[in-house]
Amino acid sequence: MAALTPLLKARGLKRHFGGVKAVDGVGLDLGPTGVHALIGPNGAGKSTLVGLLSGRITADAGIIEFAGRDITRLPAHARVRLGIAYTFQVTSIYPRLSVEDNVTLAVRHPSGDVTTAARAALARVGLDIHARQIAGDLSYGHQRLLELAMGLALTPRLLILDEPTQGLAAGEIAGFSALVRDVARDASVLLIEHNMDVVMDLADRITVLDFGRVLASGTPDAIRKDRAVQAAYLGA
Amino acid sequence: MTGGVRVWALHLAVLVALALAPLVVPPYHATNLARIMVLAVFAMGYNIAFGYTGLLSLGHALLLAAGMYATGLLVAHGGWTAGPALLAGALAGAGVAFVVGLLALRTTGAAFMIVTLMFAQAGYLTILYFGDLTRGDEGFTLAREARTLFGLDLVTDATRYSAALALFAAGLIGCLLLVRSRTGRVLVAVRENSERTRMLGYDPFRARLLALTLSGLYAGTAGAAYALLFGYVGASFATVQYSVLALLWVLLGGAGTVLGPLVGTLVMFYLVDFAGNLTDATLFVVGAALILLILFARTGLLGTLRARALAWLP
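Sequences listed follow chains A and B, in order. Counting from 1, one number per residue, gives the positions in the first sequence under UniProt numbering. Counting from 1, one number per residue, gives the positions in the second sequence under UniProt numbering.
Everything labelled a hint here was simulated from the structure, so no lab data went into it. Keep in mind that the hints are not guaranteed to be accurate.
[Claimed, not checked] Sample of chain B residues facing chain A (criterion: CB under 7 angstroms; computed from the structure): (1) D153; (2) V155; (3) A189; (4) N193; (5) R196; (6) R198; (7) M199; (8) G201; (9) Y202; (10) D203.
Every residue gets a Cβ at the ideal spot worked out from N, C-alpha and C, and that includes glycine.
Isolated chain A, as found in the complex (with noise of 0.2 angstroms):
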């Protein structure tokens, strides 16, 4: 893993909010593929840095590079348009829309078939079958696969997941981390969450956020071994 050259760098990362210091001095290296999970305590700064990454927050120091290409500077839709997604933690979809409009409009193929793009990304989380909806009629459940199969059909490099558990049920849970394993063999993930049996189940890396710093990173194994880290976290 150490010999491929990260996907995404960050060196440093600062972002204060009056005397808060929501984000101060990180830094993130994230490959290719794989799920990196970031966790830490509710305050500890982890939405403040997928803000930054996302490009929904601007940075007060730092430098973040995607792709080997600096883009601190970039606005969040350009940053989109590079293949960095972002799926919100509080459901964002367009409820007075189809299920299918919504996911079409993720779609960016500068020729080929929409159509088919948005079902494919529908299909694979499972709600095909509710295309012809009108998506403020789903479930909470549903809304949250819909927001998922969004960032899907962006055909991302780097997919954020914010807290994308939040609110679904156990099996849908099941269903969930099937998906996001899937998507890991081809991209790169970043998951917030703080459910620790969906983190230690996917999860190849972990960076550990406290009080805006990085209190640790490393494997699973070597997180739950990590004194710092069950002192302030885990609850030892």
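Put chain B on the given structure of chain A with help from the hints.
Okay, now just chain B, sitting in the frame of chain A:
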């Protein structure tokens, strides 16, 4: 595919009905219809910004006036012929909308309404300030001989009607093509959920600026055509009343429907006309109609029709 055929058939049928109307209705109504079609182009432009993209502007009178005065002043003082002057009016509307958009689109919601209103008021006062040229509130008329387009005399009823119809048809088809295109879907996406749209890789600012500029192109063209077809250019068209009228026409007909602006302009025009026969307080009747609309058909006439029966209506 059949959905597409149905949509085109309906809109072409409306255009054919408008083309046949002067053969069956008295000349008084034919002149009204010509005026309504020109004003409906203005309303269609407003609908692109408000109905499809969610930009609630209170400054569209500025864009109407930009086209009207660009054309009127170039004809009256610059000696331009109608064709180039019409083009200049259309571009003036689009250009002013683009520049106003660069500044006003940094705001949203109520702030956007206020900023656009302020720009429009500044435009209105500018017209009054250059009273030597514009003759202020009183306005000015265009000489009969200047109102000839491609050899057609725009003063006669029949050619005026045909010119208004041609303009309206171009506007309607343009609008239909836009809203059925990918760009049109992105405008709706920006209206429905701007942040989500940004995170799908679209620049919402750019989409809004495009919508506002197209809206200005429609408004400017309508203003320019009004000057040439009806021979009058006046500051009343630059007042806030016309910004509000565009909003009301679109709301009445159905915001975010292609035919809504025509329906709204037509119904409101004849409502005022009808009320004028009964009372001097025509705005009272208009107000009552709007209250009924809010109570019983919030999405406008065609919006309600679409929700109840015709889901395919674009």
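Exercise. Answer holds if the nearest beta-carbon of chain A is closer than 7 angstroms to that of R196(B); otherwise answer violated.
Key: 5 angstroms, holds
Practice problem: Classify the hint on Y202(B) as holds or violated, based on whether any CB of chain A lies nearer than 7 angstroms to its CB. | Solution: 6 angstroms, holds
Quiz prompt | Satisfaction of the V155(B) interface hint, Cβ to chain A closer than 7 angstroms | solution = 47 angstroms, violated
Quiz item: Close enough to count: is the Cβ of D203(B) nearer than 7 angstroms to one in chain A?
Solution: Since chain A brings a Cβ to about 5 angstroms from D203(B), closer than 7 angstroms, the hint holds.
Self-check item: Agreement of hint N193(B) with chain A interface, Cβ distance less than 7 angstroms
Solution: 5 angstroms, holds
Quiz item: When the nearest CB of chain A is found for M199(B), is that gap smaller than 7 angstroms?
Solution: 5 angstroms, holds
Quiz item: Against chain A, with CB atoms and a cut of 7 angstroms, does the hint on D153(B) hold up?
Solution: Cβ of D153(B) sits 48 angstroms from chain A, so the hint is violated.
Exercise. With a cut-off of 7 angstroms on the beta carbons, see whether G201(B) makes it to chain A.
Key: Hint holds; G201(B) Cβ to chain A Cβ min 4 angstroms, cut 7 angstroms.
Quiz item: With a cut-off of 7 angstroms, does the beta carbon of R198(B) approach a beta carbon of chain A closely enough for the hint to hold?
Solution: R198(B) check passes; min Cβ-Cβ to chain A is 5 angstroms, inside 7 angstroms.
Quiz item: Quick one, is the A189(B) hint okay against chain A at 7 angstroms, beta carbons?
Solution: At about 5 angstroms, which falls below the 7 angstroms cut-off, the nearest Cβ of chain A leaves the hint on A189(B) intact, so it holds.
Hints 1, 2 from the list above are not met by this structure, while the remaining hints are.
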